[in-house]
Amino acid sequence: MSGRSRRRRPGPPAPTFTFQFDGRPVPAAPGQTVAAALWAAGVRSWRTTRVTGAPRGLFCGIGVCFDCLVTIDGTRNVRACLAPARAGMRVTTQVGVGDDV
Amino acid sequence: MTYDLAVVGAGPAGLAAAVTAAQAGCRVALLDAAPHLGGQFWRHRDSSGAGHRAWSVFATLRAALLDSDVDYHAGAAVWAAEADPPGFVLHVEGMAPVVARHVLFATGTHDRSLPFPGWDLPGVVTPGAAQALLKGSGVPVGRRVVVAGAGPFLLPVAVGLLSAGVQVVGVYEAGNPWRYLYRPWVLTAARLREAAGYLARLARRGVPYRTRHAVVAARGTGAVSEVEVARLDRHGRPVAGSARTVACDALAIGYGFTPQIELPLALGCATRLDVDGNLVLEADLAGRTSVAGVFAAGEVTGVGGASLALVEGRLVAAVVALACGRPSPFTELELSRLLSRRSAERRFAALMHQVHAPPAGWVSWLDDRTPVCRCEEVPYAAVRAAVTQLRATTGRAVKGLCRTGMGWCQGRVCGHATAALTAHLCGRDLGPADLETFARRPVAQPVTLATLAGEGRTDRFPDGGRPGPQRVRPGDVSPRTSADP
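These protein sequence lines are chains A and B, in that order. Using our numbering, read the first sequence as starting at 71 and increasing by one per residue. Using our numbering, read the second sequence as starting at 433 and increasing by one per residue.
Hints are not guaranteed to be accurate.
Covered stretches of chain A (in silico footprint by chain B; criterion: 3 or more residues with CB under 8 Å from a CB of chain B, positions within the stretch not fixed) [claimed, not checked]:
hint : segment
1    : 94 to 103
2    : 110 to 123
3    : 135 to 149
Rather than coming from a laboratory, the hints here were simulated on the basis of the structure. Keep in mind that this is a model prediction, so the values were computed, not measured. Using N, Cα and C, we set each Cβ at its ideal position, and we do this for glycine too.
Required output: the full structure, derived from the provided sequences and hints.
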């Protein structure tokens with residue numbers, strides 16, 4: 071493949087709307103995933119594991135590993151790396167499989 | 433409506449195949465789980481092509497696709513494939529099943545990970561994740577980033593981060609790229625130019641590129657804040673006393689890629705162990721698998737990069753066109769050029785896999801508590817006990833005894849590591865059977881119970897969307913796969 075990477079990458083897209091993460095607003099831009107918007111806001115984890123309660127966030131980034139599961143508008147086990155961010159959605163940290171939230 | 437060809441995956445291989453077959457007059461369906469064309473290689477958020485390799489190739493293919501009568505479905509995750517002589521049925525989330533006489537699997541790869549202490553800390557991601565975050569959403573993975581693992585892919589990831597204004601603290605490559613010079617005739621001018629370009633940009637920004645080095649641990653409270661880097665000896669084992677600490681707020685680490693072959697496996701396609709230790713599909717020069725009518729192109733036939741994938745996609749399209757009684761899309765000269773290009777790319781891929789092989793000593797940096805399976809939180813001690821105390825001798829037995837690979841990801845992340853650990857602890861070489869245990873997934877994508885029950889389909893099929901028969905037997909359904917909506 072020929073090198074095409076010389077052109078400068080445009081900066082991060084400007085946020086145009088917000089959604090709620092554990093009660094606080096997170097800015098997001100159209101086309102961004104929930105994981106990307108959370109990451110840009112400095113959030114690194116949004117799930118705790120079932121067995122040890124360890125924090126987890128993004129790992130594979132392409133929907134393969136299921137580490138980034140989160141609860142969105144009451145629906146648990148949503149992959150944050152695939153879910154598009156939408157204005158006004160309520161995203162909450164998922165504890166384990168999300169049964170007890 | 434029966435298609436001549438159904439293509440699963442709209443990355444370089446699938447896109448090239450769909451366009452070429454349609455141009456030859458075939459009726460083609462192109463299915464991809466992602467919202468955008470281009471697969472992981474051309475994942476994008478706008479049409480500028482900034483930061484992308486071979487973007488003009490993608491732009492040409494996309495224009496040709498939009499100009500053709502290919503039925504392209506975005507967001508169409510194929511969760512099962514079955515033979516339905518004389519063709520095949522593909523079950524797709526959210527739409528009626530797709531029926532085709534020939535099916536091409538161009539499902540690509542995901543990053544291959546090796547466990548190490550702290551690899552489950554937030555902020556530790558795969559190189560593909562760092563790339564997807566940047567290319568797909570414009571968000572850099574950190575401010576001070578370490579890029580590590582093995583393979584040429586580390587270079588564009590590091591350079592992409594630099595372009596986004598990120599401080600790349602270091603690139604640590606476990607392999608020894610000088611070994612490329614053992615067989616210099618396999619290297620093309622384009623490849624050398626590309627690598628030199630990346631290395632020059634790293635050098636200009638003062639980013640160290642250390643070969644035969646590996647990240648052997650990550651540490652931090654709540655998220656990664658530092659990693660431990662060690663020099664590797666000739667056998668890929670950490671050199672005692674060489675470890676040093678590097679501060680960072682993100683680590684992108686991966687050891688090559690794992691092809692996604694669950695769908696062709698379900699159809700009975702034969703596999704082989706590739707040079708890089710991956711289970712890949714057995715396919716001939718024209719992408720024919722061992723099952724008549726089932727084709728494979730790109731990474732699923734052996735990880736080899738986008739150039740090879742494009743060639744293989746075109747070759748499959750030519751064979752399918754002929755099988756459908758259409759004229760060949762290529763002249764004999766063009767065909768022989770494609771075939772020799774394929775051979776050259778395959779030779780390079782084989783060398784690349786030798787140069788960037790996972791370091792043999794990676795087991796030595798695990799501690800008892802290092803999670804091997806992230807989903808089920810299975811520590812290394814449990815995997816070792818399954819072999820040494822419970823006498824498991826196969827990956828399948830280890831999986832059954834300690835649940836590695838039984839969680840949400842269904843072994844996609846820990847499959848290679850568990851298979852390799854099992855072989856290592858048993859004192860033998862990694863075999864295809866070890867890997868196959870973790871590659872078989874009767875339900876290939878997470879689906880809702882409503883989908884399995886044949887309910888809740890929306891009518892997105894361009895051909896009137898008549899819902900076809902759902903042929904799922906109750907035994908095929910794993911409750912875990914119903915987790916993701």
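So, going through the hints one by one against the coordinates:
1. 94 to 103: That given contact holds, which follows from 4 residues of the segment 94 to 103 of chain A lying within Cβ reach (below 8 Å) of chain B.
2. 110 to 123: Satisfied; 7 residues make the cut.
3. 135 to 149: It holds, with 8 qualifying residues against the three required.
Hint compliance for this structure: no hint is broken.
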